[in-house]
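As they're listed, the protein sequences go chains F and V.
So for the first sequence, my numbering puts the first residue at 1; every next one is plus one.
So for the second sequence, my numbering puts the first residue at 10001; every next one is plus one.
To be clear, the hints were calculated from the coordinates, so they are not data collected in a lab.
Misleading hints may appear alongside valid ones.
Claimed, not checked - With beta-carbon atoms standing in for the labels, derived distance ranges:
1. F/Gly152 x V/Val10087: 27 to 37 Å
2. F/Gly295 x V/Ala10231: 24 to 34 Å
3. F/Glu71 x V/Glu10182: 55 to 65 Å
All C-beta atoms in this analysis are idealised placements derived from N, C-alpha and C, irrespective of residue type, glycine included.
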Amino acid sequence: MTGRRRWTVTLLGAGALLVRPAPEARGQDPAPKAPLVFPTGTESVRLDVHVSRDGKPVTGLRAQDFEVKDERVLQKVRIATREETNVHAILVLDVSSSVLGPRLEALKTAARSLLEALSGQDRATVLAFSHAVRGVGPTAAVPASLQPLIGGLQADGATALHDALYAGLLLADPRHGRPLLVLFSDGLDKVSWLSHEQVLAASRRSEAVVHAVLVGRDEGAGAQPNWYFTPPGYAQWRGGTQVRWERSDARSPLEALTAETGGRVWAAADEALKNGFLAALAEFRQRYLIEFEPGSKRAGWHRLEVKVKGDSTQVRARRGYFYPAPGPRPAAPPEP
Amino acid sequence: MGLALSAAGVRASTAMLLAVLAGYPWVSHAQTPAPSPAPASFPSAAELVTVEVVVMDGGGRPVTGLNRDDFALREEGAPQALTHFEVVRLDEDPAPPAPPARVSTNVAPATAGRRPALLAVVFDERHLAPESVPRARQAVERLFASAPKPGDEWMLVGTGRGDVRTARTPSEAEEQRARLGEMRGLRPRMTDDLVTNDDMITDFEAMRIALHDDVPTLRLVVARLQDRERARGGLVSSQAPSVRESRLAAYPSEARALARRTYREAAARARATLSLLEALTNSLAGRRGRKSVVLVSEGFLLDVSLPEWKRALEAARKNDVVLYGLDARRLTADASSTPEAKRGLMTPAGRSATADREAAEGSDTLVTETGGFTRRYTNDLDDALGRIAQETRNYYLLGFQPTAPPDGKYRRLAVEVRREGLTVRARKGYYATPASGRPAEAGTPIPLRLAAYVREPLAAGASRVQLVAEVDPTAIVFLEQDGRFSASVESAVEVAAGGAEPLRQARRLDLDLSAEALDALKTSWMPLVRDFELPVGTHTARLTVKDGAGGRSGTVEHTFAVPSASFRLSTPVLSDLTQGSSGVPALVARRSFTQGSRLLCEIEVHGAARAENEGPPRASAGHVIRTAAGAVLARAERTALVPGGDGRLRQLIGISLARTPPGTYELVLDVRDDVAGAALSAVEPFEVVAGPPAGERPVSPPPARAVTPPAAPPRQGLQAGDAPKPEDPRLRAIALQSYLGLVNLYQRGERGAAVEAVVRLPPAAMKASLEALAASSGDLARASGGMVPGSCLPGCLRAAVVLNTEAMLRAPAETHDMARAAEKLLEVASEDPQFRCLWRLAAGLHLQAWGRFDDALGHLERIRSECPRDVRGPLAVGILHQDRALLVLTVNAGWSPMLATVRNQGEGSPTWLYRRAEAALRAALRLDPDYEEAHLRLGHVLIGREQPDEGARELGWVAAKAADGRRRFVAELLLGSLHERRGRLGEAIAHFRQALAVQPASQAARVALSQALFQSGAPEEAVEVMQPVLSADRRAVDEWLEYRLSAERRAEEALDQLRAAAAR
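Isolated chain F (complex conformation) (with noise of 0.2 Å):
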């Protein structure tokens, strides 16, 4: 490995982190078809991170501000420039049934609004999801290509929260752009073949950055609770009432699985999920792209820590990342 390769992408903006050869070097199409490659091969790390101070991002940092430590051990880093800041915006759109009525016309106006904050130069992919996991027009499209397509949306059927959230981030391909996932469900999964942990297993072999948007519980008025979302047996654990269950809170996994990636939850009513989009969009703009050499080659995961010297700004960056093993298909490595 050396250290003057070319990235295939070099800025700003996703919470990228494995970095690769260009797609030259590897004699790839550097606008990839499907069926999607993912890459695999980690010359370098590539860091996403976000610092704020008192709610506000801050800007102009330099690369010796940073103070970044892979397995403890303090790495040089350099921050990407800003030629290359596409994004690969991935949304995956829960269509359950519960949000059926001005949920889902809520959701459709903030999907659009997000894929028209995109440039042109960005990519868009958009999964539906129930029951079923199912794309919204081609992977890694023009954005304003599937703004039609956003309005044809239907609500029906449970909720594959896990599998879905697995799909998105299987296609968070970064030659695409800097993969950032967007997340928005309302309910509860029941019916994913995937646990929690297996998702988050996947997130940390992922380059995406997930935002998770979330509906409160007070928002549901118009939803019909049904067979999957309403458990069998709960009513009566609880003296009849439903009401405990519709309190129930799902941000616990994904609080987990978002600040593992780097990203994070945010809470909405209906009328703000717009503005929950938007928030994660502009937020993902404002990240520093951190690059380096990691010292140590072991395969397996690598824990990281990530810090702004002599500050007392916030710092969020994925925690760790994966060096893979060498040769064809590598046994399981070991989970952090």
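Since the structure of chain F is already known, use the hints to place chain V on it.
Below, chain V without anything else, positioned relative to chain F:
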């Protein structure tokens, strides 16, 4: 004057009592019901429960144009008939003045007149940070910028000082806006560094520690305290170990003390705000129109240990006040901007939203329970406030009469709108206290109604006017002595016209009644009638009634006109009572009548011309009955009026409400002077309200026919208008007959219609019919006391069982009751144990699908005892326990911290459930060793019981030998998952590939395989495997879901088999 009523004469209940009251000067004549001796009980407004409903479209805009049929209202799950429907649109231009109402009342809700809007803004200074105040203040100021309309009230109150400023006029509104500048933010300001103790703990955390001694939270706070000390230079390794350990040991007690202090302060703030809300909402009691309170606040804790919290909630519920929450903080791009996050280390990234929710749980719950909403993190406060203002002025008012008598308890309400894409918000319940849902306090008025009937012209242009008042006797206090009840009621009426001296009459009514007579009296309102002679013009009558013993009084005013025209109609007398046995309708002060009753309408025509100035006057009259929307339901062509013995032209119209749906109707009278050619018309609106449960549902509009006086409509057979009591055998017979009609319909193949009708039947009537059938073994004559001939033979009984079981699917709220009722019938419907077990399987699976596990288990276990060779019984029991265990595990997986207590509760824990599942499944396999489903489930259960090797053997058997591909598919999936958990990715991938080979379209299989490939470092293939899933527009349910959520499908299958068995 004293009146004594003999108990022996109370047979005719109210009619008899009213006859006795005829001796009193105010009462003009005895009244008896037209069609029967028992008078229909008028559903007084005092028994009416009203619900304000806001309906919004997808864009959050109020929806107009809905009608009564668009709404469905349930009380405690039971559908309620809407007896009142009103569209309130205060934003629209004032409507042209409506004609004077025929009846006035002092009981809300009156259906006429404008409903003023009341909007109170509570500026919760105690829960507002100073930095939030300017923004909140500006938004409220803009809300108050438009002046209130006449009758509206706007209130502003701050929780800092608690004084209320009310505005009803533009100038008062201006003062109110100026007052906004005084509002402050008193919530402690958060600092940006970790200096003070206040920054170490949130209010919610303090409550968790102080009230619940929550150890994880305590650890969190201790860690913060330690971090702070490290930041200050303490707790360093250079310290002596003894000093360091001593310091570490002190942290928990320090954290607890901090929690207690913080919680005390937070509770004090919450108490202050809650007390103010309670006082404010109580002060709004009795006001008409929608009462909205906007709580501008960052929210407060949900601390049910505070009595103020419960009192505030009850006050809002009792006084029908809608609370809205408005958190003025902006939607920020960074969690660190929230006060909690500013506390540095105390909140991990992304946690602040949760912290905000926790901190505002109390206010949010209050708001939600009253039918309002909370807006938080919005950058558009104007929009949020505008929406609240809009809802205050645009809504629907639904009214219903609860079928259950008032018991003082809180009853949950649910309102739905039968149109797609619309959102409904309404209060979630009410207190069913006697007398209009309000306690009969001395301060509340005696409910009264007042009407005026302008009768024949007298000399000098005057007319005879009869004022009819009705008093709610339940509001009168009767003193008991020696088994008799006495009361003294004073009444006074004044009639004023222009500047003339008002006419005044006052009376006192002394009552001395037996217990039976008192009970009879309370079934209806007391009529008071008085004659006046009034000149042409508009008059206002004011009636005041005072209860001597109770001290309560009531006043009602009524405005009416005495017409000047010579050719005119008397005020139509529309009534469901008659004067004695004369057949002449009695005067009543109401225009609402019970569904099922029969009405009489008497009109008199005055001033018609005589032919060539001699002979009798000649006039003719016809009428139309139409709905409020104008649809003509019945028409009677004009016929000549026949002069009576006194020479007056009179017509009596009979109207049957036996099959008339509740609603508003109009009787339009068309009268013509057949000599002079003059014509006039009159519109007499009236309302039909739901009556007591009847045997038949209304299906057609009311027929009308004209009759000649004085013949009253003959009474034939059973009539719903007789208003029998629920235990009346006649009512049971009607219900039984109706139910059997539906069974016949079902047997003829009209299954959908029959099931729909059963679902709509009053549950009590349906249950009674089933029980009567069961008790009589289908002998209808016995079941109905001889009123319904014939019998329901076994085929009929079995059909009734299946019909009822099908209805269970459609009425989840009543599923259990319906199942129990059907179970009783089952005992006589068939002696075939297989039929019974089949029914138990269908019923049990349906109950399981609706989450009633215990009820379901009761039926499924019975299969094991009644049909010991039927493998379906133990299998169903095993699957039920397995489903329940999986559910608990899913919930415990971390998605719902609220349910953490479900864990480890012994009986009902996953371990316990799995053990029972295993036992049942093994029992099934003893009956049929090759039962594939049992092997599959058992394998899954054994893995859950931490017996993976044994589980793998069962699953391996299914994967290798099962004939059903779906079961092989699930077995391969589960085997793959087992290997994955053991870290054998290669073997897992192989099993997932096998599963995919069986079900190539399965999302679960593709996700499982892709994820395993991804984890094994083959991302390209992982993506490739997922491509078909992402590119296909699939709506079909995955086989994995079919396996996980199989109860409903299996219930349907069992029902199909049950139908076939019943048909045999």
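Structure-based check of each hint:
Taking the beta carbon of each, F/Gly152 and V/Val10087 are about 34 Å apart, inside 27 to 37 Å as hinted. Look at F/Gly295 against V/Ala10231: about 30 Å separates their beta carbons, and that is inside 24 to 34 Å. Separated by about 58 Å at the C-beta atoms, F/Glu71 and V/Glu10182 satisfy the suggested range of 55 to 65 Å.
Of the hints listed earlier, there is not a single one the structure fails to meet.
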